[in-house]
Structures are given as C-alpha cells and as structure tokens.
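> Sequence:
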Amino acid sequence: MNEVVGWVGSLLFAICALPQVIHTFKTRKTDDVSEIFLWLWFWGEVFTFTYILVDDIASKNYHIPLYFNYLFNLVLLFYLIYAKYTYNSKPTGLALLFQKIRK
1 MNEVVGWVGS
11 LLFAICALPQ
21 VIHTFKTRKT
31 DDVSEIFLWL
41 WFWGEVFTFT
51 YILVDDIASK
61 NYHIPLYFNY
71 LFNLVLLFYL
81 IYAKYTYNSK
91 PTGLALLFQK
101 IRK
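Sequential numbering from 1 applies to the sequence shown in the UniProt record's numbering.
A portion of the hints provided could be inaccurate.
Unchecked claim - Pair by pair, the computed Cβ-Cβ distance ranges are:
no.	residue 1	residue 2	range
1	67	18	35 to 45 Å
2	19	40	14 to 24 Å
3	86	1	41 to 51 Å
Said to hold, decoys possible - Straight-line alpha carbon distances no greater than 25 Å define the calculated DSS-like cross-link-like pairs of lysine-lysine that follow:
no.	residue 1	residue 2
4	84	26
5	90	100
6	103	84
7	60	84
Read the hints as simulated data drawn from the structure, not as lab findings.
Glycine residues also receive a C-beta, built at the ideal position from the N, C-alpha and C atoms.
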C-alpha cells in the first residue's frame, strides 16, 4: 500500500510542470516565467535527487517512484530553461549579466 501511495504522489509531483510546458510549447512565450524560479527549482531537483540516490545506494533501499519524479521533472525543466533563453522577448537577467561582464 505504501508503494502505491509513493507512486501516486510521485506521479502527481512529476506532472506539476506539464501544464506550463504545454503552454510554453504552444505559445512560445516565456516572459512571465521567472528565470530565478527555474534555476532554483532545477538545482533543488538536482541536489535532492543526488541526496536520495546516494542515501539509497548506501542503505540499499531504493525509492524508484522518487527517481521517476525527479528525472521527469528534470526533463521538463530542461525544456523550460531552454525555452526561457530561446523564446523570451527581452534579455533575461543572466543575459544582461553576461553583457555587463563582456564590456
């Protein structure tokens, strides 16, 4: 039963980003998507997934539903980050920072 609850929760968390991905794919607009939010979310996923994976390997207790959740979210995030830098109508904060550094 606990495994079913884990899978349901992981599936729900995994598809949370799907509406934004679909909207961004259809409209090709990302001006209202926060660049900082995307990067904080991305690094939060990476560090938490790494923590879970290292701990699971050490304890030999594997949480497959969590792996699915984090990997699926990372795939969706890769697209959203790509879209942010491809479709944004104005320069992002990171792009402006790089422009200042190059001057």
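> Which numbered hints does this structure break?
1, 7
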